[in-house]
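So you can see what is in the structure, the chains are spelled out below.
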Amino acid sequence: MLQNLWKWLIIPLIMLGIGAAVVIYTVNNPTDSIVARMLTYERVFRVIREHMALLLVSMIGATIVGVLGGIMLSRPKLYYIGRVAENIVNIGQTVPSLAVLALFYTVLGLGFRVAVFALFIYSILPILRNTFAGIDGVERSIVEAARGMGMNPFRVLTKIELPIAFPIIVAGIRTAIVINVGAATLATFIGGGGLGDLIVTGLSVHRDMIIFTGAVIAAITAIFLDYMIGKVEERVVRWT
Amino acid sequence: MIKLEGLSKIFPGHTIPAVKDLNLEVKEGDVCVLVGPSGCGKTTTMKMINRLYEPTGGKIYIRGEEALKMDPIKLRLDIGYVIQEIGLFPHMTIEENVATVPNEKHWPADQVKQKVDEVMTLVGLDPNVFKSRYPSALSGGQRQRVGVARAMVSDPPIMLMDEPFGAVDPITRARLQNEFLRIQERMGKTIVFVTHDIDEAIKMSDTIAVMREGELIQHATPSDLLSAPADEFVSNLVGRNRSIKRLHLIRINEILEDVNRAKPISEDAQTEEIKKQLDQSDIRTVIVVDRNNKLKGIIGVNDLKRTTGEVAKDYCQDVSDTVTSDATLNDALSVMLELGEGYVAVVNEDDQYEGTITLGDLLNVVKEDN
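Protein chains in written order, with my numbering: chain U, 1 to 240; chain A, 1 to 370.
By construction, these hints were calculated from the structure, which means they are not laboratory data.
Beta carbons: idealized from backbone N, C-alpha and C, even for Gly.
Misleading hints may appear alongside valid ones.
Using C-beta positions, here's what the derived DEER-type ranges look like [unchecked claim]:
1) 140(A) x 137(U): 16 to 26 Å
2) 233(U) x 320(A): 25 to 35 Å
3) 140(A) x 10(U): 38 to 48 Å
4) 75(U) x 337(A): 48 to 58 Å
5) 141(U) x 236(A): 25 to 35 Å
Simulated pairs of lysine to aspartate or glutamate, EDC-like, Cα-Cα distance not exceeding 20 Å [what the hints assert, rightly or not]:
6) 159(U) x 95(A)
7) 263(A) x 279(A)
8) 105(A) x 144(U)
9) 74(A) x 144(U)
10) 159(U) x 96(A)
11) 159(U) x 104(A)
12) 77(U) x 54(A)
Taking beta-carbon pairs under 8 Å as the criterion, some of the chain A residues facing chain U (in silico) [said to hold, decoys possible]:
13) 27
14) 50
15) 52
16) 73
17) 77
18) 81
19) 83
20) 85
21) 87
22) 89
23) 90
24) 91
25) 100
26) 101
27) 104
28) 134
Excised from the complex, chain A in its bound form:
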């Protein structure tokens, strides 16, 4: 899909090339993450693909066509583009922002409207609520979503993303990453993704291209990169705690079935039943759900002593954070550390309870791996 051949870039006034004789191929439907320390040439490489920077040497093939011979404007209209600063247009509403590329392509108005609604819903922004707002009225996470929606609206087969989730807090970032992976699973775009965060690279990628000082050091699947780093630079980059990094590669729903844990109790359960469940529970906590299997809260041993009541909903405490089943084990671990608990409740998109993951489960996974 994308093939870079001997690509080089020397910026005017510099003698050292920013990118040196780079060869890289990204297969259709793959997410290729360019990773490396700042100044390694990863962003420069990406910007040469849509010709924001003109290469000083080498060739770029996009679907077999030589990109350097195409009209750069036409080329860019068919490549989705997301940057870290997002670059939303402050004087346009969210609808106008998202409709940028279709308008440049002169699509008919009703088609633009329909597509904008569709893609906004896809990234989790209610079009009726957000369409007429201006970017200044949005939170950081919402702006990132608009940025992604704007890049995807005309359904480009290729997307370039330069640290698209760089400017938000870690929790929002993990959520956006998971949502994005969910979307990507359905859309199957060919994506070149730039980040300096190796954890993000491992989580998001089908293949990782490690760069240093303008050169490609290793291009491999995340799992190969972890088990067989090409040299010391790569192994330093992935770090010593590689088994923990593997937690990025495994999703919760992959291990949830193997975890046998006591069933949740209903919000109307009597005190006796709660006590019985608590005794059996290895985390000394029971999960309470309502009639629709929605997560209601948790009851610990102390909650039963501290408060008086008759049924589960009287004792139950709110859960401050959960994970979704398509999150990675690493997400689960960070929520556990955040909460200071040895477990975390897993829910689906509609907040329905799916299971519980404990620290012990994570340890088992890491152990098996070694």
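With the rest of the complex left out, here is chain U:
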């Protein structure tokens, strides 16, 4: 058991270790005074905190709305709307994240809340699509057997359809998180803060070290969260 726990923790710990090492090294070994001024622990932790806030708030909202929306569209009465919505979502997904941010900026203005809202909208898409596709993909015979044995529609959804679609829904959430971590670095352009602050600052003062720090933390965050969700999924899904 303890050994398993170690196996479980070793990769995330290595990832966190690399992240911490990069931060400690770059903060303590600035190449010049500009880097020293821009890259302090205080600033790094602030942007990480902002980034996580952007990520968490938008992802929680997107997961709730995406999953519930996907379920609703998969119901027989809305099914044909669901097929249309799936295609619209697929088209929506091709709009670049920067364009989405810019769009919301022109309508809603600047700030953290606008950035969260834009990320939220953008992250709904893969979750909604996968939830719909996951439920839609449950074999008809399985649903028919469940109904024929006397399960009511709500039980069929919660006991049969959702558990079988679960891996696909989780895959949608993972996709959304990875996209979200990247897209959240753009929030800085509309005053949303986050790791993008470091990257954009680094770009404007031509200091690669600052860009590098921001980029590494963002990449590690994406890999870390994707890995953790994958592990949780493995735990839950034991039947494949």
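Based on these hints, arrange chain A on the given structure of chain U.
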């Protein structure tokens, strides 16, 4: 038990009814097989009984009660349901799958457990081995058994089965059919069974309902159907070789007593004795059994020449297939054809030897019948 009165179904967007003014009565404890070409409305009829499809006209009575006025969920909980694709839930263990209906009925946990074990044993799956497995780890035949177990677990008086043995190979199918008939003999359920295979219909049924284009053409016992088909459609369906089809209606144990054949020899019998037996045997083969009367193998004339040895077990060759005594004569015939031999050994459930059936015996039965 089940009575359909003027039952009709027109699917939305269609003008031709899938089922047209159907009247049918299934008596308690009977197996009624709906048979006909695909698209004849047999599955639609069945699905109206548990109201997966709502009829557009007519009435359904179940034990005198009007099914269309009952709560469909309650109705379905008391009707066992097996479909061809089985529809096992891939994310649940076999135990959870089988326990579906009891859990929906909120039975106490220990009662569910006990009943699951009981019904799994009944369909020939060792609960200790299979309970915690997932459906993906089972063979096709085992899944079919789980499907049947799941439908029977809450002891519903009525079962609906839509080609329940359709998705397995012919040999496994025959075995499952025989097992099912054995179970049915004990349980006496009222069963509506759908198939497109007339041989299966003849074998499984107490009564056969032949359908075509949504209409019931003939409802009769298999024997009546074979001897007096209502019209050309029915006689085409049962086919020209009706005497062969009769082989489905007769079980091996019904004729085994009348067949007098040399006794099997023990595995320790000496060469001389084997030779003597071989000379007397009309199939030029002797059957070898062990001390517990379990089938050990066979010895043909050539085996005696080819191999050297002293006692029967040195010569004896493995038997690749046998039939059980509750199988039909048709099962025996297909095993014979499979093996390319004119005989087949009959054993009981514990593999103990019960007798031998030859092609000649089958011919005699067919001759008597005509």
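Could you tell me which of the numbered hints above are not met by this structure, giving the numbers in increasing order? 2, 13
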